[in-house]
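First to last, the protein sequences are chains A and B.
Numbered per the numbering used here, the first sequence spans residues 1 to 285.
Numbered per the numbering used here, the second sequence spans residues 286 to 641.
It is worth saying that the hints were derived from the structure and are not from the lab.
There's no promise every hint is true.
Said to hold, decoys possible - Going by beta-carbon spacing under 7 Å, a handful of chain A positions derived as facing chain B:
{"id": "1", "residue": "TYR37"}
{"id": "2", "residue": "ARG121"}
{"id": "3", "residue": "TYR144"}
{"id": "4", "residue": "ALA230"}
{"id": "5", "residue": "SER242"}
What the hints assert, rightly or not - Below, simulated DSBU-like cross-link-like pairs (lysine-lysine); rule was C-alpha separation at most 30 Å, straight line:
{"id": "6", "chain 1": "B", "residue 1": "LYS561", "chain 2": "B", "residue 2": "LYS392"}
{"id": "7", "chain 1": "B", "residue 1": "LYS608", "chain 2": "B", "residue 2": "LYS438"}
{"id": "8", "chain 1": "B", "residue 1": "LYS438", "chain 2": "B", "residue 2": "LYS534"}
{"id": "9", "chain 1": "A", "residue 1": "LYS132", "chain 2": "B", "residue 2": "LYS534"}
{"id": "10", "chain 1": "B", "residue 1": "LYS435", "chain 2": "A", "residue 2": "LYS132"}
{"id": "11", "chain 1": "B", "residue 1": "LYS616", "chain 2": "B", "residue 2": "LYS438"}
{"id": "12", "chain 1": "A", "residue 1": "LYS132", "chain 2": "B", "residue 2": "LYS438"}
{"id": "13", "chain 1": "B", "residue 1": "LYS579", "chain 2": "B", "residue 2": "LYS344"}
{"id": "14", "chain 1": "B", "residue 1": "LYS453", "chain 2": "A", "residue 2": "LYS132"}
{"id": "15", "chain 1": "B", "residue 1": "LYS615", "chain 2": "B", "residue 2": "LYS487"}
{"id": "16", "chain 1": "B", "residue 1": "LYS435", "chain 2": "B", "residue 2": "LYS542"}
We treat Cβ as the ideally placed atom computed from N, Cα and C, and that holds for glycine.
As a plain string of letters, each chain reads:
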Amino acid sequence: MKNGKLLVAPTVLWLCVFFIIPMLIVVAVSFASRTPYGQVVFNWTFSNYQRFAEALYISIFGQTLVVAFITTVVTILMGYPVAWSIAKLPKKWQQPGLVIVMAPFWINFLIRSYAWVIILRSQGVINTILLKLGLITTPLQMLYNEGAVMLGMIYALLPFMVLPIYVSIEQLDRRLLEAAADLGAAPMTAFRKITLPLTMPGIAAGTILVFISSLGMFVVPDVMGGAKSALIGNLIQNQFLSARDWPFGSALSIVLAVLSLVLIMLYYKVLNTQKGGADDAKDVA
Amino acid sequence: MKKKRGLLLAAIITGSILLLSGCGGGDKKGGASGDKKVLNIYSWADYYAPEVIADFEKKYNCKVTYDVYSNNEELLAKMQAGGAQFDIIQPSDYMVTTMIKLDMLEKLDKSKLPNAANITKDLQHPAYDPNEDYSLAYVWGITGIVYNQKFVKEAPTSWADLWKPEYKGHVILLNDCREAFSFALKKNGWSNNSTDPAQVGKAFQDLKALNSNVLAYDTENIKQKFIAEEAWIGQMWSGDAAYCYTDNKNINFVVPKEGSLIWADNMAIPKGCKNKDLALAFINYMYDPDVSAKNFNYIRVPNPNEKAWPKMNAATLNNPMLKVGNASIKKGEWLHDIGNAISMYDKYWTELKTGK
Numbered sequence: 001m002k003n004g005k006l007l008v009a010p011t012v013l014w015l016c017v018f019f020i021i022p023m024l025i026v027v028a029v030s031f032a033s034r035t036p037y038g039q040v041v042f043n044w045t046f047s048n049y050q051r052f053a054e055a056l057y058i059s060i061f062g063q064t065l066v067v068a069f070i071t072t073v074v075t076i077l078m079g080y081p082v083a084w085s086i087a088k089l090p091k092k093w094q095q096p097g098l099v100i101v102m103a104p105f106w107i108n109f110l111i112r113s114y115a116w117v118i119i120l121r122s123q124g125v126i127n128t129i130l131l132k133l134g135l136i137t138t139p140l141q142m143l144y145n146e147g148a149v150m151l152g153m154i155y156a157l158l159p160f161m162v163l164p165i166y167v168s169i170e171q172l173d174r175r176l177l178e179a180a181a182d183l184g185a186a187p188m189t190a191f192r193k194i195t196l197p198l199t200m201p202g203i204a205a206g207t208i209l210v211f212i213s214s215l216g217m218f219v220v221p222d223v224m225g226g227a228k229s230a231l232i233g234n235l236i237q238n239q240f241l242s243a244r245d246w247p248f249g250s251a252l253s254i255v256l257a258v259l260s261l262v263l264i265m266l267y268y269k270v271l272n273t274q275k276g277g278a279d280d281a282k283d284v285a
Numbered sequence: 286m287k288k289k290r291g292l293l294l295a296a297i298i299t300g301s302i303l304l305l306s307g308c309g310g311g312d313k314k315g316g317a318s319g320d321k322k323v324l325n326i327y328s329w330a331d332y333y334a335p336e337v338i339a340d341f342e343k344k345y346n347c348k349v350t351y352d353v354y355s356n357n358e359e360l361l362a363k364m365q366a367g368g369a370q371f372d373i374i375q376p377s378d379y380m381v382t383t384m385i386k387l388d389m390l391e392k393l394d395k396s397k398l399p400n401a402a403n404i405t406k407d408l409q410h411p412a413y414d415p416n417e418d419y420s421l422a423y424v425w426g427i428t429g430i431v432y433n434q435k436f437v438k439e440a441p442t443s444w445a446d447l448w449k450p451e452y453k454g455h456v457i458l459l460n461d462c463r464e465a466f467s468f469a470l471k472k473n474g475w476s477n478n479s480t481d482p483a484q485v486g487k488a489f490q491d492l493k494a495l496n497s498n499v500l501a502y503d504t505e506n507i508k509q510k511f512i513a514e515e516a517w518i519g520q521m522w523s524g525d526a527a528y529c530y531t532d533n534k535n536i537n538f539v540v541p542k543e544g545s546l547i548w549a550d551n552m553a554i555p556k557g558c559k560n561k562d563l564a565l566a567f568i569n570y571m572y573d574p575d576v577s578a579k580n581f582n583y584i585r586v587p588n589p590n591e592k593a594w595p596k597m598n599a600a601t602l603n604n605p606m607l608k609v610g611n612a613s614i615k616k617g618e619w620l621h622d623i624g625n626a627i628s629m630y631d632k633y634w635t636e637l638k639t640g641k
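Pulled out of the complex, with its shape left as it was, chain A reads as follows:
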């Protein structure tokens, strides 16, 4: 046991130095102000948080939440069938299936975003093909709009939904489904009463991963959205660069972090009340 603690020590030290201390600095800076030349002065003020309460910034937060919510729902709807199909493959094909899902991670995300630009832009792959086939006469404008932002987000985060759901489906006890069938449950009923509740932990893990990641996303709106729709990530980035207002940027980061935490806690609370349902399913079976 002693040795175990020793093994954990480097990680704890790492987290303290590179996570907790920087986080505390961000908290401290969020109560400071900026000088006319963009320097940070510590005068312990709440003004950065008060400024956040303006309608403009609230609406950006709202917009970000909507985008994150849609991304999460769509990745669940798309990811679940994919995870299901992979889990149903013969054992030797499951590994390759997962590799295909993870393959995009081998390439840097920024580069993959630009790949989308090359595919979708007016002289891009799709437009060129459609023009050659004579299906359209002028290039379609597929980039630099909200649809392109959604596409980029869903594309980027889909694997984070597929993998945890796959794990939970893979662990599902097939005998429960057989028992349900024997007892006369239609496949849809069995799915609703057994599979879905028992794979809920996978959906929950995927939801958290996707939702939190999409809240902080700023590359996609910039590269694929043409920087026209600001999400909270872009707003924060802007405060640290062109506006040179580190205190306000820090305050926004803290609000985002707290909001994420609260949402996760609420989410788990809702799940826990449903967990009773899952146990019931097991009992019934």
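Got chain A sorted already, so can you dock chain B onto it with the hints?
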């Protein structure tokens, strides 16, 4: 003011550079390799021809190191942290003002810089450092309208041309708050440093009206958007326009009649520099007409060194974009640090990006 390029990468790299510099990077800088002196340059990427640096090392029997930053704020943060020992830094115009105010720059000893006289007259008294006490313009540029002659038949002359309805969905603006407000203010005949709420408010209304024409806001990939003909018309830096022209000859560039924003990255010596004589020698060397011509043939951006122009090669010298730039210095207005008024700009800027 330039190129906040590579968003994510820059953030990561900056982070790791800051960390590394905290862990003894300073020793490397201070220590001389053998008896040789070391000159440490901290500047923008791709600002020196390697050959020119090698010649200097030979001539002065020294070693030159070259570290890069991607925006002025990064430079300021690093100099304020004080960990690094640099001999030459290259702040942009408004950052020179800030650094002078913060007492971070050494006064330049002009008696050791005879070649400073080679700088074209129009750039010898820039508003941010009127007597060149602390800085010399090294690279400069001007923002103008770039357009593709294939789609834009009538050459634009005014910033107001961007609002023409026929360009709907094909206009690109720089993804930079001060740049965007700069041309909207100029269009109305006002200074691009205006802090008058009424003027900035009107500029905001104009930009909001322009939003329906805008395809994208972009600084990092704007060149590709014009080369690939996604965009027809927009706002661009002269240096970038010159780059686009080499790849797509339909591209043209004009500095509108109302005037525009001019910028320069400068040679400066940070306070407390230990190799002041070598730093001065380096600055003087870089303004030698032969050296300068060789350097700018390689880096291909507008050269403020008038005496070097006749010595530069034809391809660089005849690039129409660089020519337009040189002829328009007087139309440019320098951007100043506007202090707390930046908050007003930033709020409008944020609103512009969210307003549907």
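To see whether the hints hold, each was checked on the structure:
{"no.": "1", "hint": "TYR37", "in the structure": "holds, 5 Å"}
{"no.": "2", "hint": "ARG121", "in the structure": "holds, 5 Å"}
{"no.": "3", "hint": "TYR144", "in the structure": "holds, 5 Å"}
{"no.": "4", "hint": "ALA230", "in the structure": "holds, 4 Å"}
{"no.": "5", "hint": "SER242", "in the structure": "holds, 5 Å"}
{"no.": "6", "hint": "B:LYS561 with B:LYS392", "in the structure": "holds, 11 Å"}
{"no.": "7", "hint": "B:LYS608 with B:LYS438", "in the structure": "holds, 22 Å"}
{"no.": "8", "hint": "B:LYS438 with B:LYS534", "in the structure": "holds, 15 Å"}
{"no.": "9", "hint": "A:LYS132 with B:LYS534", "in the structure": "holds, 25 Å"}
{"no.": "10", "hint": "B:LYS435 with A:LYS132", "in the structure": "holds, 20 Å"}
{"no.": "11", "hint": "B:LYS616 with B:LYS438", "in the structure": "holds, 24 Å"}
{"no.": "12", "hint": "A:LYS132 with B:LYS438", "in the structure": "holds, 26 Å"}
{"no.": "13", "hint": "B:LYS579 with B:LYS344", "in the structure": "holds, 16 Å"}
{"no.": "14", "hint": "B:LYS453 with A:LYS132", "in the structure": "holds, 25 Å"}
{"no.": "15", "hint": "B:LYS615 with B:LYS487", "in the structure": "holds, 26 Å"}
{"no.": "16", "hint": "B:LYS435 with B:LYS542", "in the structure": "holds, 23 Å"}
When the structure is compared with the earlier hints, no violation turns up for any of them.
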